[in-house]
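Colleague: Note that our numbering has the sequence shown beginning at 1107, numbered continuously upward.
These are computed hints drawn from the structure, not numbers from a lab. Check the hints yourself; a few may be wrong.
As the list claims (entries may be wrong) - Each computed DSBU-like pair below joins lysine-lysine, with the alpha-carbon atoms no more than 35 Å apart:
(1) 1151 to 1241
(2) 1137 to 1241
(3) 1151 to 1137
(4) 1241 to 1156
(5) 1156 to 1137
(6) 1196 to 1156
(7) 1241 to 1196
(8) 1196 to 1137
(9) 1151 to 1196
Please read all numbers here as calculations on a predicted model, not as lab measurements.
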Amino acid sequence: MIPQGGTIEPEREMVETLEQPSLTYRLDLEKGTISGHIDGLEAVKQAVVKILQTRRFAHLIYSSNYGQELDSVIGRDPLWAYAEIERHIKEALLQDDRIMSVDEMNITFSGEQAMAEFTVRSMYGAFHMAKEVRKDG
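Starting from the given sequences, assemble the full structure and let the hints guide the process.
Modeller: Put into structure tokens, the structure is as follows:
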């Protein structure tokens, strides 16, 4: 015999969502140094650069949701590559909760490389970004 019981009703209380700070270290990628802290829009810009420079699944330190998979796209049919570049960039960036959308995607091809230009809209504001896509990363 299977026990019969009442259902547990969830209490109807509101759960407050707290916004986490985006304070992080300022990385100088050209010099390879860390200096100070950044927050808000500057932190989101830095996160976008880091995400787009990191190959997905290549580093165990990052989760499987972090990074991009653009290196397999170049060398294929440009129409297919256009759609895949757009999809991969949006997929990678929208993993960050601070990013609301990736819009105005424009991708141009030149031989074995492409240049993707787009607008990132975050909870702190919007900014323009560009990503060069090559077969070697």
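Colleague: Can you give the numbers of the hints that this structure goes against, from lowest to highest?
Modeller: none
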